[in-house]
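Visitor: Please arrange chain B on chain A, whose structure you already have, making use of the hints.
Here are the chains, one letter per residue:
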Amino acid sequence: MKVTNIEALEKIATEVRIGIIEEVYNAKSGHPGGSLSIADILTVLYFNQMNIDEKKPNDPNRDRLVLSKGHASPALYSVLARKGYFDKELLQTFRKIGSNLQGHPDMNKVPGVDMTTGSLGQGLSASVGMAIASKMNKAGCKIYCILGDGEIEEGQIWEACMAASKNNLDNLCVILDNNNLQIDGEVEKVGGLNNITEKFLSFGFNVLNINGHDINSIIDVFTTAKQTKGKPTIIIAKTIKGKGVSFMENKADWHGKAPNEEEYNLAIEELNKSLLKE
Amino acid sequence: MDCENKVATRESYGKALEKLGENNENIVVLDADLSTATKTEIFAKRFPDRFINVGIAEQNMMGIAAGLSTFGKIPYVSTFAVFAAGRAYEQIRNSIAYPKLNVKICATHAGITVGEDGATHQMLEDIGLMRGLPNMTVMSTSDDAQTRWAVEEISKINGPVYLRLCRMKTPKIYNEKETEKFEIGKGIQIGKGTDASIIATGVTVAESLKAKEILKEQGINVRVIDIHTIKPIDKDLIIKCAKETKRIITVEDHNIIGGLGTAVSDVLSEEYPVKVEKMGLPDVFGRSGKAEELMRYFKIDSTAIVNKFI
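Chains as they are written, first to last, in our numbering: chain A, 1 to 278; chain B, 1 to 310.
Bound-form chain A, shown alone:
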């Protein structure tokens, strides 16, 4: 069922964030920073935008989401559990032996995961293949692909961009999680990515810039993207790494580190407070 109420979506996004913290804390490993930064975008996609049915995870005509930045698996799992693809209790097993919730998403183990990802730079190519196939089959599917900003330092991303543009893939919507931080620091300093917008424009994309934490803007931008014909869209979403947990915000250090007990309690307390406010 589609959720249209903004406050309701904000509440779900906070619940998704609580799920992320629970997963990473229980696993004592994982990637909280880049998971928290895409919580709002994923919430809007799964609860408001995508043509999906959690009871039919293999429906051939469903929309697809490829989480190319697969290390943000805690966010994807948390959204999928909240949506009802699997029991929320399973989030406690994240990254543990015997669990289907692998460190990086495995399409053969988790209902709702549309592509196995984890090795950066590869998800966009798979998304291009899906978008071409949907056109060949006249299936009318939308393909969403979430990239990290550090991830686009991979050359394969630009190979895929070329193909998306050449094949006029207007059913492909890429979302760039532009939190400006990667493991070793600021994206501009580590890899030298400048003028992201111009780069994608020159590759023939429809480029849209938004605040990736404003639910209203996120809904609007997807609506605009759907109306674009003849070319792929990229949404450059300005985000904050660690968003929602103040001591994690804008810190590269929280890219791939689990909170200790004290930090966990602080984070949950803060998120619970936001939940009450909403």
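Please keep in mind that the hints were generated in silico from the structure rather than gathered at the bench.
One or more hints might be untrue.
What the hints assert, rightly or not - Covered stretches of chain B (in silico footprint by chain A; criterion: 3 or more residues with CB under 8 Å from a CB of chain A, positions within the stretch not fixed):
no., stretch
1, 49 to 58
2, 65 to 73
3, 97 to 104
What the hints assert, rightly or not - Below, simulated SDA-like cross-link-like pairs (lysine to any residue); rule was C-alpha separation at most 20 Å, straight line:
no., chain 1, residue 1, chain 2, residue 2
4, A, LYS166, B, PRO48
5, B, LYS100, A, PRO57
6, B, LYS192, B, GLU213
7, A, LYS138, B, PHE51
8, A, LYS88, A, SER29
9, A, LYS138, B, LYS100
10, A, LYS135, B, PHE47
11, A, LYS135, B, ILE27
12, B, LYS100, A, LYS166
13, B, LYS246, B, GLN189
14, B, LYS100, A, LYS88
15, B, LYS100, A, ASN58
All figures in this text were calculated on a predicted structure; none of them were measured in a lab.
Here a beta-carbon is modelled for each residue, glycine too, at the ideal position from N, C-alpha and C.
Guide: Same frame as chain A, now just chain B:
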């Protein structure tokens, strides 16, 4: 064996693809700016709507194929072996083999028999790389009829396949009728000689058969085993040969590390330990020259096999 009308397995592949495309509309073909060399151009001309040329971007090509397969398409992906198994190795590993996606990687121009292009284009490690991947079926065909059979047969497997093809024209070994008995994972025994088993794959099968005839004149009776499926390998046949013949010799257009010789040794060392004599590239890169000259130079031709018995 028909040595008059030679055909390169890449040529057989191109023709077989066209036929396959007629019978199965889910077949899509991808190439990376080498369609005239890999022979996917035949399919491209016939079914332009099901042909995707990605340009010189092999890593992207593997990913696109992975995505296509999730929609029920059966992608046949072609480029030279060095760019398929080599350059795009990790894309094959993580986007195709690990998720067990239904992608057929048909890599042409494998081995030193590429010829004049030299070492950069002569892939000698692909069998080793591909057989090390879980879920991957690895094939290397020896002639025209066998290749045409394999191209169709692999479309019936639901999972990733690596098919190794060559540029050099090779003799016709089998007729159409004989291929009806072929099975993926089952080697083919030619002859019943007990002096030695020459185990070969791809272009070295014809060389082994030539050697078999020459040796026969000298009173040495060998059998030739054509291993078209390197993974899963025909363990039973290899063990049977080790038991029935005095010697085991493997010969391949590949580095002796990781290829057919290693695969045979893996079986025998565990099941029936005997000495395995490995012929192949002795852990060196190739070089420029004519294919036939290079086979002689690197001692993987019929003469080199015969010399093993002097």
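Visitor: Each hint needs a verdict: does it hold in this structure or not?
Guide: Results for each hint:
For the stretch 49 to 58 of chain B, the assignment as covered by chain A holds, since 6 residues bring a beta-carbon within under 8 Å of that chain's beta-carbons and 3 suffice. Interface restraint, the stretch 65 to 73 of chain B with chain A: holds (9 residues with C-beta to C-beta distance below 8 Å; minimum three). Check result for the stretch 97 to 104 of chain B against chain A: holds, 3 residues qualifying (beta carbon to beta carbon below 8 Å, three or more required). The hinted pair formed by A:LYS166 and B:PRO48 meets the criterion: a straight-line CA distance of about 15 Å does not exceed 20 Å.
For the hint pairing B:LYS100 with A:PRO57, the CA-to-CA distance comes to about 18 Å; that is within 20 Å, so the pair holds. Proximity of B:LYS192 to B:GLU213 is assessed by CA-CA distance (about 13 Å); at most 20 Å being required, the pair is judged to hold. Of the supplied pair hints, the one linking A:LYS138 and B:PHE51 holds, its CA atoms being roughly 17 Å apart against a limit of 20 Å. About 19 Å separates the Cα atoms of A:LYS88 and A:SER29, which keeps this hinted pair within 20 Å; it holds.
For the hint linking A:LYS138 to B:LYS100, the alpha-carbon distance of about 25 Å lies beyond 20 Å, and the restraint is violated. About 16 Å separates the Cα atoms of A:LYS135 and B:PHE47, which keeps this hinted pair within 20 Å; it holds. Using a Cα cut-off of 20 Å, the hinted pair A:LYS135 and B:ILE27 holds, with the two alpha carbons roughly 15 Å apart. Straight-line distance between C-alpha atoms of B:LYS100 and A:LYS166 comes to about 28 Å, which puts the hinted pair past the 20 Å bound.
The suggested pairing of B:LYS246 with B:GLN189 holds, with an alpha-carbon distance near 16 Å, which does not exceed 20 Å. The straight-line distance between the Cα atoms of B:LYS100 and A:LYS88 is roughly 27 Å, outside the 20 Å bound, and the hint therefore fails. Straight-line distance between C-alpha atoms of B:LYS100 and A:ASN58 comes to about 16 Å, which keeps the hinted pair within the 20 Å bound.
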